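Got chain C; can you put chain A on it based on the hints?
2 protein chains.
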Amino acid sequence: MQNLKNKKILLASKSPRRKQLLKDAGFNFEIITSKEVEEIIPNNIRNNEVAIYLSELKANAYKNDLSENEILISADTIVCLENKILGKPKDYDDAFKMLSNLSGKEHKVITGVTICSNKKQVSFSDETSVKFKNLTNNEINYYITNYKPFDKAGSYGIQEWIGYIGITEIKGSYFNVMGLPVHKVYEQLNKF
Amino acid sequence: MQNLKNKKILLASKSPRRKQLLKDAGFNFEIITSKEVEEIIPNNIRNNEVAIYLSELKANAYKNDLSENEILISADTIVCLENKILGKPKDYDDAFKMLSNLSGKEHKVITGVTICSNKKQVSFSDETSVKFKNLTNNEINYYITNYKPFDKAGSYGIQEWIGYIGITEIKGSYFNVMGLPVHKVYEQLNKF
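Each protein sequence line maps, in turn, to chains C and A.
Taking our numbering, I'd label the letters of the first sequence as residues 207 to 398.
Taking our numbering, I'd label the letters of the second sequence as residues 207 to 398.
Fair warning: there could be bad hints in the mix.
Identical copies go unnamed one by one, so any copy, or any two together, can satisfy a pair.
Said to hold, decoys possible - Result set (BS3-like, lysine-lysine): computed pairs, CA atoms no more than 30 Å apart in a straight line:
#1 Lys314 x Lys229
#2 Lys311 x Lys390
#3 Lys337 x Lys225
#4 Lys326 x Lys229
#5 Lys241 x Lys314
#6 Lys339 x Lys397
#7 Lys325 x Lys241
#8 Lys241 x Lys294
#9 Lys377 x Lys229
#10 Lys326 x Lys339
#11 Lys303 x Lys397
#12 Lys354 x Lys397
#13 Lys211 x Lys339
#14 Lys314 x Lys390
#15 Lys377 x Lys339
#16 Lys214 x Lys397
#17 Lys225 x Lys325
#18 Lys397 x Lys337
#19 Lys339 x Lys213
#20 Lys311 x Lys229
#21 Lys214 x Lys339
#22 Lys229 x Lys294
#23 Lys390 x Lys303
#24 Lys377 x Lys397
Calculated directly from the structure, the hints in this document are not laboratory data.
Predicted model only: the values in this text are computed from it and were never measured.
Chain C on its own, in the form it takes in the complex (with noise of 0.2 Å):
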């Protein structure tokens, strides 16, 4: 991309699978370690901006750092059911309840961005629907004990197991699902 020559990327996320999206759209980009953000939601606002909420308050983290070179990309993914926001399981416990509860229905993944230099910013995000089967408790538990799903909000990785076996239908971008829309990143990057 022109615009983007003499501009140096920063992606702050410590998301594995943000960084290989990032990566695999063909983009060169360091890493920055994500700085403690403390996430609390104002109780005001509505569930769709959320995750355009939380990642401005990652980039906020970072935003007087950066030189005048370097772009910051910060992203968050959340997980609606039935309009409650899912976060990462406590324990198995509660990942065996957050999937039992997906189980046979659809729910909805958001993921927020913010784009930002020491001059502007931009922030969008992107909704996928996705709908699981009915899973089976012998599933749900083959599942948490081999892929230990404590790291992600909803209790679970469309990449894995049971986004392969258990999930029969998305509508929107799979990589957003993943935690990141590639497509609305490249096309903000390339007008940025």
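Chain A alone, transformed into the frame defined by chain C:
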């Protein structure tokens, strides 16, 4: 799976993507190199039956060689744009033409699968809608030059660069677009 104990699964496919998908879904299996099957499609067949027809054609080539304990999986993926089937591109220009045609539109990817033993046979298919953004000539040229999609129906792989930056939405199974509707294969093997 209890019913697959003492069974040997054979995947009749040269596709490295199908091999990876079946592996990630947790199956133990062996690859048998596809015999050359001449893919002649009868005139009186509907598009959504073509993929199944071709997967059965592949199965037929092996069926009589199966031992008592063997289960064979064969599959064929077709890409349909405005009711026309797109095959593998003949050369660079053909790939360019196909991708230009797919640009800015929605198309369908249908995978037909046949599972058989020497006692029984089941066939099924899965359909996913895929939508491309308006691709620029630069993007199409960059992709063909760097990814050489000459072994791919429709001239693209969803898991490659052009899938990351160019596909805005799918409806259905992502893995089906890659070449195998893993959730349906799992379901059918479970009760085979």
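How would you label the pair Lys214, Lys339 (within, between, both, or neither) given a Cα cut-off of 30 Å? between (43 Å within a copy, 26 Å between copies)
How would you classify Lys377 and Lys229 at a CA-CA limit of 30 Å: within, between, both, or neither? Intra 24 Å, inter 25 Å, cutoff 30 Å: intra and inter.
Same-copy or cross-copy closeness of Lys241 to Lys314 [CA-CA at most 30 Å]: within (27 Å within a copy, 43 Å between copies)
Pop the pair Lys354 and Lys397 into one bin, within, between, both or neither, using alpha-carbon distances up to 30 Å. Cα proximity of Lys354 and Lys397: across copies only (28 Å, versus 39 Å in one copy).
Alpha-carbon proximity between Lys390 and Lys303, which holds within one copy, between copies, both or neither at 30 Å: Answer is between; shortest inter-copy Cα gap is 25 Å, intra-copy 33 Å.
30 Å Cα threshold - placement of Lys294 relative to Lys229: both (25 Å within a copy, 27 Å between copies)
Cα distance capped at 30 Å. Does Lys339 pair with Lys397 within a copy, between copies, both, or neither? between (40 Å within a copy, 16 Å between copies)
Should Lys303 paired with Lys397 be assigned to within, between, both, or neither, using CA atoms and 30 Å as the limit? This pair counts as between: shortest inter-copy Cα distance 27 Å, intra-copy 43 Å.
When no copy is specified for Lys337 and Lys225, does a C-alpha distance of 30 Å or less occur within a copy, between copies, both, or neither? Both, since 25 Å and 24 Å are each at most 30 Å.
Could you figure out if Lys241 and Lys294 sit no more than 30 Å apart (CA to CA) within one copy, between two copies, both or neither? Intra 19 Å, inter 48 Å, cutoff 30 Å: intra-copy only.
Indicate which option fits the pair Lys314, Lys229 if close means a Cα-Cα distance not exceeding 30 Å: within, between, both or neither. both (25 Å within a copy, 27 Å between copies)
Within a copy, between copies, both or neither: which one fits Lys377 and Lys339 at a CA-CA cutoff of 30 Å? Both, since 15 Å and 16 Å are each at most 30 Å.
Taken one by one, the earlier hints all hold for this structure without exception.
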